[in-house]
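Fit chain B to the known structure of chain A by using the hints.
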Amino acid sequence: MYGLGIAKGLSVTLVNLFRKPFTIQYPEEAVPQAPRFRGEEFVWYEERCTGCASCAKFCPLGIIKIVTHPGGTDVQEGESYAIDVFDIDIGRCMFCGLCVEACPYDALFMGSGFERGVYRRDDLIITVEELKQAEKRPSTWFRPQLEAKNYRPQTAEPLSWEEVGR
Amino acid sequence: MESVYVPFREANSFYRNMYDLFADWTFWGVSPIPDWLAYLLAGFLIVFSVVNVVIIVTTIGTWVERRLIGRFQSRVGPNRWGPWGLLTPVADAVKLLSKEDTTPEGVDRWVFNLAPLVFITPPILVFAVIPFGKDTYIANLNIGILFIIAVTTVTTIGMFMGGWASGNRYSLFGAMRGVAQLVSYEVPMVLSIVGILLLAGSLSLVDIVEAQVIPFIFLQPLGFFIFILAISAEMNRSPFDIVEADSELVAGFHTEYSGMKWGTFQLAEFIAPFGAAAIMSTIFLKGWEGPFLPSQLWFFLKVCFFWFILLWVRATLPRLRVDQIMALAWKFLFPLSLLNLFVTAAEVLVWDDPTIGQLWAMAGINWAIAITCLIVSSRLMSDKLTTRPPLVPVPKRGGN
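These protein sequences, in sequence, are chains A and B.
Under this note's numbering, the first residue of the first sequence carries the number 1, and numbering increases by one thereafter.
Under this note's numbering, the first residue of the second sequence carries the number 1001, and numbering increases by one thereafter.
Everything labelled a hint here was simulated from the structure, so no lab data went into it.
Note that beta-carbon positions come from the ideal geometry of N, C-alpha and C, so glycine has one too.
What you were told as hints is all true, and nothing was included just to trick you.
Derived DEER-like restraints, expressed as beta-carbon distance ranges:
#1 A1150/B x Q25/A: 47 to 53 Å
#2 R121/A x V1322/B: 44 to 50 Å
#3 Q33/A x P1083/B: 27 to 33 Å
#4 K8/A x L1045/B: 47 to 53 Å
#5 E1100/B x Q33/A: 40 to 46 Å
#6 Q145/A x S1098/B: 54 to 60 Å
#7 R120/A x P1083/B: 34 to 40 Å
#8 D1246/B x Y119/A: 28 to 34 Å
#9 G62/A x P1395/B: 47 to 53 Å
#10 R120/A x V1179/B: 48 to 54 Å
#11 Q25/A x M1381/B: 42 to 48 Å
#12 R120/A x E1100/B: 27 to 33 Å
#13 V1179/B x K8/A: 32 to 38 Å
Among the chain A residues that face chain B by a calculated CB cut under 10 Å, a handful are:
#14 G9
#15 P21
#16 F22
If we strip away everything but chain A, and leave its shape as in the complex, we get:
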């Protein structure tokens, strides 16, 4: 009425003009990530894994492929299996984290990365070699023992297999 709405709108934009922009210049600066972030690279400890394949069974998409043979040399109790293949096809992963929930030995963790752009779908499959070589900065998602330590995967040092257990 009487163009007052227009004046109000103009004042809103004028106030915006003198305000700091809302934009975050992403590659140079980023919003702080939560330590429970469920990211794309999985953290896997070969020493803790028995090859039980619980993660593969619980995966709703069936994208974890595990091949084992008996007679491995892992340090967990029970029967030991050596891991031949541990493929996670994160091109189809929805990062629900059910595999991490299912792991009875705290061997599999979520990661905190999110910037993995590739040109081919095949490059999105994480192989066992990649998992072995990766820096182990586990996300604290579904791992209260890490939360109790107040662990920050984005900034803290990598953890060895002895440090991540319950």
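What follows is chain B alone, placed relative to chain A:
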């Protein structure tokens, strides 16, 4: 030197200085440039530099505009290319020039290729009669403002040529909307200018500037309000940009254009606000006149001020519907501009050759009339503008 008749040599010192520079240039005792060549060279140089300055200022203006609109909307705007994104216009130009220039099948080739030229010429032609500073203008036409009105109308022909020749229905819709909008808004715009002409007593822009004892924006508040609305509708700027209406018509009349032809349309649309701001600062804000600073700088500052206002409105207001735009022109602006013309004519009739005191009295009366009229007519219009076709009533479901 005075033997040759040189038209408007006396009137325009800007031109005369340039002419003298060429004509008086001596080389080993002889002046190798004959008078006619000096005349031609000076004219060419001035027109060339003005056109290029306009285009360069517009190019920088695109960057400023995008940055400012970003800030208006709490964003940053283009900041990647060069310091603070200053090279963005260069990147845009290189991209547009190197893009493939496609011509769709079934277009009317001659008209299609001619349309960008017809579209970009009028906004540049406007600067032919604008006084950029004291004695700094290309031509002091005695019908300057009429020339501007006549020339800017040609833009619509370019727009319609583009829309028609594209053979695309969206383009044709956009072009026809543009024509309807321009025909509607031309009327209040010209009528609001007539008030100025009555006060100034001349059509020449130089005379209009010199006639402003107090700026005409104080004497003609209603006229200024109508003029700024009408001219932003003529330029198809944001609250009135149904011609392009990205969300309805893709891009209106230039949907089918690509490469530098599309760039020409864009350039013309970015030049237009500068032209409009130049017209407004000339006829409403005393043009080049101002204390202390050089007159050219004063003019530039005033142009920037009006350009900023146009930009501000563009960054804020959403697009109107077609029927709302037509209603605004014919039911709101047209009666108001008639009233403004009537009141101004009566005042000029009563106070022939007014003194300063009488001018301020005139300003007071006009402000009172402007505010009253705006309140009354917006009250009359406001429910009609927002009326939509009745919706189908939803049957009431149970309850109380």
